[in-house]
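Enquirer: In case you want the letters, here they are:
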Amino acid sequence: MEINRVNTRIIPFRFEYYSPSSLEEALALLSKYGSEARILAGGTDLLVDMKQRLMEPRHLIDIKRIPELKLLKEDSRGFMIGSTVRLRELERSKAIRERLPLLHEAISSMGSVQVRNMATIGGNLCRASPSADAAVALLALEAEAQIAGPTGTRRMPLEEFFLGPRKTHLRSDEILTGIYVPHPPENTGSSFIKLGRTSLDLAIVNIAVTLRLKGGAIDHCRIAMGAVAPRPLRLRNVEEFLLGRELTPEVLEKAAGMVEASIDPITDIRATAEYRKEVSKVLLKDALKTAIERGGELRA
Amino acid sequence: MKIEFILNGRKRRVDVEPNQLLLNLLRDELGLTGTKYGCGVGVCGACTVLLNGEPILSCLTLAIEVDGKTVETIEGLAKGGSLDPVQEAFIETGAIQCGFCTPGFIMMAKALLKENPEPTEREIREYLKGNLCRCTGYVNIVKAVKLAAERSKASKLDAQSAL
Chain A
1 MEINRVNTRI
11 IPFRFEYYSP
21 SSLEEALALL
31 SKYGSEARIL
41 AGGTDLLVDM
51 KQRLMEPRHL
61 IDIKRIPELK
71 LLKEDSRGFM
81 IGSTVRLREL
91 ERSKAIRERL
101 PLLHEAISSM
111 GSVQVRNMAT
121 IGGNLCRASP
131 SADAAVALLA
141 LEAEAQIAGP
151 TGTRRMPLEE
161 FFLGPRKTHL
171 RSDEILTGIY
181 VPHPPENTGS
191 SFIKLGRTSL
201 DLAIVNIAVT
211 LRLKGGAIDH
221 CRIAMGAVAP
231 RPLRLRNVEE
241 FLLGRELTPE
251 VLEKAAGMVE
261 ASIDPITDIR
271 ATAEYRKEVS
281 KVLLKDALKT
291 AIERGGELRA
Chain B
1 MKIEFILNGR
11 KRRVDVEPNQ
21 LLLNLLRDEL
31 GLTGTKYGCG
41 VGVCGACTVL
51 LNGEPILSCL
61 TLAIEVDGKT
71 VETIEGLAKG
81 GSLDPVQEAF
91 IETGAIQCGF
101 CTPGFIMMAK
111 ALLKENPEPT
121 EREIREYLKG
131 NLCRCTGYVN
141 IVKAVKLAAE
151 RSKASKLDAQ
161 SAL
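For the record, the sequence lines run as chains A and B.
If you're matching positions, the first sequence starts at 1 in the working numbering and goes up one per residue.
If you're matching positions, the second sequence starts at 1 in the working numbering and goes up one per residue.
Careful: at least some of the hints might be erroneous.
As the list claims (entries may be wrong) - Okay, derived cross-link-like pairs now, DMTMM-like style, lysine to aspartate or glutamate, Cα gap no bigger than 20 Å in a straight line:
1) A:70 / B:54
2) A:64 / B:17
3) B:2 / A:62
4) A:73 / A:91
5) B:69 / B:17
These are calculated hints, taken from the structure and not from any lab test.
Chain B extracted, bound-state conformation (with noise of 0.2 Å):
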């Protein structure tokens, strides 16, 4: 079945199989192995992408079901080679060990952010409940949310008293 969609800005065409799911048609098809398979049943955010914005488990979604629609992986955060703030919060903060979460959490918290710009600490962790790590006891990864939504807020900051 033929689909359409939009993959980290740019327009893409293929051809995919009713049973293919959307993580491997991203991992193995497209060549975008950010996104990770951690549980495959919907536990652990490894796989999470964002669809139309909305963060969505890409390894219990039919790659059918983007059809018409945006999907953005952690490969579409970095501009022209430079990191996106949240990336970059990421590792100062010592929130990536193994890193094999880091992708799922970092496209949650962009997700965070753009839904609730100052979130409390109690806010994060609620949000972050449906992403697993095993290496950092979540301690750092809380910071890092946190120190990018506190450097967004001071660039808009900037940005206004320069008008």
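Here chain A stands alone, though its shape is the one from the complex (with noise of 0.2 Å):
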């Protein structure tokens, strides 16, 4: 049937809307309805694809009123992200400024003032797009995914979470309940930069950078970039060439040519696979050299 396909006035079908106030409610609602119902957090992903029926769910599960969703919390080991937390407040939050830059730079950066103040952070990284602003920056920053189902909870490196494109390790009786963030180590410098068609865009790449370093040469590295693979990226094979260099421009150059022959782009409406790569290694050199400027100095 194609009638309707193309109206975002409504949602063109019915269903069932529940606004359960604890996590064993919506987890049980989740085993019962199975691949009939669909998470409802911010909305601005799924009510998009409701509208134009690429998901038709029967069974709505609004998880917004469960409390220990909603939490940040931060203790000195480093941040616990609840995942209905919005992007906006995320954005507003002084402890994530200033303890997590790159977080911060990377969900600035994301959609409108008016997306942020609806999407959540959860909401987002289970979409699993590979340009997600805010999974480049933590897969830079080594976090991890807190995942609670019927027989309990569990945490895995964000890494390991995504598996492709619209694609998470969840599976269909899970939710993500909440992001692990450690702290960065002491006087790293970030940088987070994203290559957008408009100021309002998905990435065309997207790349973001921890360094630090000790007596001139790199002690300490993360890098990740998105849009240039099926899912975002961490590029550890250049991380492991820079550790112990001093950044030269022959190092620079060298570790340009390495992400470039690490990543695998697409060509598709935003830019051409051969572009990708090449401003790929533009975009490694600025991060690295903004990492620096911005203090990522051990003064042993």
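Fit chain to chain and form the complex, with the hints in mind.
Expert: Structure representation (structure tokens):
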């Protein structure tokens, strides 16, 4: 049926709506309705799909009333970000801006004020877009996903959480409950760069870098990129190459070449694969230089 | 499903379907057609309203979700026949041509000035990034926000010196 495929004025089918007030209730509903159910958080992706009939869940489980999913907590080891925390709350958080400036930078680049007021960090990650800005920053920050299911909770590195476009490790009866982000080592500088056709766009390519120098040589380095592979990528081989080296022009060139060889971008509506390969080299150099300028220096 | 919410300062009770969007509740059932349908997918900002004071997109919000909350639309700005200063500024700077994007921009401007009473031009443009205008080229819209901010500051200073 082609009718109503491009109507975005209404949601052209009926569904049941639930608003559980506990995680147990939500998991029970998810188990009961299985593939006929979808989790509703911010709705900025799901409702768009529903309007276009790309998804037609019979049951919508709104998880925004569940208390523990809304919490943003910090302790001496790091942050625990509940999955329904809105992007705007993260953007406004002074603690995140000061201790995780990389995440702050990434989230500030996402969507618009209106979208950030509605969208949640968990919803964004579960969408598993290869270009997700928050995901790229969180990969460089070595974040972990916290997942709840009928048999209990589990944690996994965010790097393993993404399987491909729109595919995560979540089983159909599981909910992402939060993201754990450890505090970066002291005195790391960081940089997030996002290239888009307009100021309000998905990334053509994005990159997140954390870096620290000790005695002029790199002693800590994490690099993640988005929109260059089916999922957001940690570039471990480039990180290993840079470790212990000084950031000379030759080293930068070699690292950029390694990035080009490690990524596998596609040609799509936003850019060609060739452009993405070229611009990735530029972004790597820019991001590394900026991270150093921002004080990624350990005074021994 | 019965919901209850405060709309432009007045308590409303309505019966809504789960699949009903806030935008359509406001326009079709409650007769408030100031908020516009532009794109329906969250990129144009024409459907912007304030929910508990924060700007959101009513085309991507289920009507159910405003239960127990406060909604403000463009219709709620003018008080007792007098236009809101932001509305006046938009008129004076020529920020309105066809007017379709205007309610969305004005609601955003109200939210911006509440959070940041003296925004720079860059901050204004960044904040309004989620609202599109096909007529004006944005220059006069930015001027309107600046003008509204200046006037608000001036009237605050007047009020202080009158004390």
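Enquirer: If a hint holds in the structure, say so; if it does not, say that too.
Expert: For each hint, the structure was consulted:
1. Note on residue 70 (chain A) and residue 54 (chain B): the hinted pairing holds, with a Cα-Cα distance of about 17 Å set against a maximum of 20 Å.
2. Taking the CA atoms of residue 64 (chain A) and residue 17 (chain B), the gap is near 19 Å; set against the 20 Å cutoff, the hint holds.
3. The hinted pair formed by residue 2 (chain B) and residue 62 (chain A) meets the criterion: a straight-line CA distance of about 17 Å does not exceed 20 Å.
4. Note on residue 73 (chain A) and residue 91 (chain A): the hinted pairing holds, with a Cα-Cα distance of about 15 Å set against a maximum of 20 Å.
5. This hinted pair checks out: residue 69 (chain B) and residue 17 (chain B) have alpha carbons roughly 18 Å apart, not beyond 20 Å.
The structure is consistent with each of the numbered hints, conforming to all of them.
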